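K.L.:
Let chain E serve as the given structure and place chain B on it in line with the hints.
Read off the chains here:
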Amino acid sequence: MRGNAEAHELIAPGSLSAVLELLASQPGAWTPIAGGTELMVAFAAGRLTAPKLVNLWGLSDLRFIRTTPETVMIGAGSTFLDLRRDALLAAELPLLAKASGWIGSVANQSRATIGGNLVNGSPAADSSPALLVYDAEIEMISVRGRRRIPYAEFHTGYKRNMLAPDELLYAIHIPRRFARHRQYLRKVGTRRAMAISKIALAATALVEDGVICEIRIGAASLAPIPARLYGTEAALLGKSPTRETMHAARQALLSEAKPIDDMRSTAGYRQTVAANLLLEFLLELNSEVAQP
Amino acid sequence: MSENGSAEVNTQWPPIRFTVNGRSCSVQAPPMKRLLDVLREDLRLTGTKEGCGEGECGSCSIRVNGELVNSCLVPVLQVDGADIQTVEGLAQDGKLHSIQEAFLQCGGAQCGICTPGMLMASVQLLERNPHPALPEIREALAGNLCRCTGFMRIFESVLSAAAAMKDETELAETHDAR
Chain E
1 MRGNAEAHEL IAPGSLSAVL ELLASQPGAW TPIAGGTELM VAFAAGRLTA
51 PKLVNLWGLS DLRFIRTTPE TVMIGAGSTF LDLRRDALLA AELPLLAKAS
101 GWIGSVANQS RATIGGNLVN GSPAADSSPA LLVYDAEIEM ISVRGRRRIP
151 YAEFHTGYKR NMLAPDELLY AIHIPRRFAR HRQYLRKVGT RRAMAISKIA
201 LAATALVEDG VICEIRIGAA SLAPIPARLY GTEAALLGKS PTRETMHAAR
251 QALLSEAKPI DDMRSTAGYR QTVAANLLLE FLLELNSEVA QP
Chain B
1001 MSENGSAEVN TQWPPIRFTV NGRSCSVQAP PMKRLLDVLR EDLRLTGTKE
1051 GCGEGECGSC SIRVNGELVN SCLVPVLQVD GADIQTVEGL AQDGKLHSIQ
1101 EAFLQCGGAQ CGICTPGMLM ASVQLLERNP HPALPEIREA LAGNLCRCTG
1151 FMRIFESVLS AAAAMKDETE LAETHDAR
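Line by line, the protein sequences are chains E and B. In this text, residue positions in the first sequence follow the working numbering: the first is 1, and each later residue adds one. In this text, residue positions in the second sequence follow the working numbering: the first is 1001, and each later residue adds one.
Isolated chain E, as found in the complex (with noise of 0.2 Å):
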């Protein structure tokens, strides 16, 4: 342990709007720590810089899971084990079931929260491709009121995103339109349990008498933010996923995706194996397109 308790402040206000009013007085002075999965590491190896903390571990104004007819709208502080535990997540939107069981073990995914996935912004963050293919929303909150973007738009750069520094991520919302949609999700990791991505691809399309008519394909560690990858949905959109088709797509995704070589993998690998993720859910496309 490297890390010093006494060098750095932290602080709980104690409800919602007494963090963003601490947060408005002194824009960009405090950092907010949540299930802390990913600032008590930092803190541990002594790489924490932060010297002022705020805490939202415990605002209920942030851990919720509500429906509407339209959306299901997920509270930035919930955690990977609330959304692993709601029925109507995984009945409705099994992608992001799916990826929560991704994160971590049982341990990180009890203190891990949705909005600490995204803010921390790693480019292999579990939730994200899920969460482009729903094609959701991302609305944050400060003292001056709310904003909604959608979430394809809040990663600006590397670990970088929309947030203002008087601003915390309030909720994800995403759209309940995507029950005859074909999804897919699959992770490339070291192992099964406890590995951060190599590659990971998501995929969700729409398809009517045989032709793509809506296609939404998201990646993590293809480029150094989780991104939709627009060219390859380009070259499906509107055809009907044949071998030509496949590959077409196969070589828009090669030359859209930018990975990089690193401690977890290569560059090459990375392509080849997205390649591939990308021609098995085609060919999923294909096989249900080919029935009567």
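It should be emphasised that the hints constitute simulated quantities derived from the structure, not laboratory data. As the structure is a prediction and not an experimental result, all values here were calculated from the model. A virtual CB, placed ideally from N, CA and C, is assigned to each residue, including glycine. Accuracy of the hints is not assured; some may be wrong.
[Unchecked claim] Cβ-to-Cβ under 10 Å is the rule here; a few derived chain E residues that face chain B:
1) Glu6
2) Ala45
3) Gly101
4) Val106
5) Pro175
[Said to hold, decoys possible] Here are a few chain B residues that sit away from chain E, every Cβ distance over 12 Å (derived from the structure):
6) Pro1031
7) Val1038
8) Gln1078
9) Val1079
10) Gly1089
11) Ala1091
12) Asp1093
13) Cys1106
14) Gly1112
15) Gln1124
16) Pro1130
17) Glu1170
P.N.:
Same frame as chain E, but now just chain B:
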């Protein structure tokens, strides 16, 4: 308590109160101090072990408000008002918990560093799923690393404890029915 046994009160820090194994505690420590260190240093509950210190190995697993957590990743301020259970709270009135008996019987413990965390993760599993299948045990213990046993004896221990706890429950039910 300090090493010489006298109560050491540091008035610099506001008290943080919680219960550990059913007993009320109040500690005065830096709010960022890891719960693991508060348990071991301030409360002298050294059953909880430190392995990796980064949430990977599960040696420091304890239960907070009924959920399994890695105590190395929890700043003590975040357990203000919480109900905590550590490995010291498993045995009751000098009688080992079924899971502890099972680890003894099946050779689920060797060097012992992972054992407290394994026990707590197993208790967490059995409480929510009293009759787990092997894949469910593997998943529930995936965050607890053991370098001695090769895991098989640990999985056997959990299966054995589940069977023993089932027998105990049935015995109690029969007794109640009488």
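K.L.:
For each hint, tell me whether it holds in the structure or not.
P.N.:
Cross-check of the supplied hints:
no., hint, result
1, Glu6, "holds, 5 Å"
2, Ala45, "holds, 7 Å"
3, Gly101, "holds, 8 Å"
4, Val106, "holds, 5 Å"
5, Pro175, "violated, 30 Å"
6, Pro1031, "violated, 4 Å"
7, Val1038, "violated, 10 Å"
8, Gln1078, "violated, 5 Å"
9, Val1079, "violated, 9 Å"
10, Gly1089, "holds, 17 Å"
11, Ala1091, "holds, 22 Å"
12, Asp1093, "holds, 28 Å"
13, Cys1106, "holds, 22 Å"
14, Gly1112, "holds, 19 Å"
15, Gln1124, "violated, 7 Å"
16, Pro1130, "holds, 16 Å"
17, Glu1170, "holds, 28 Å"
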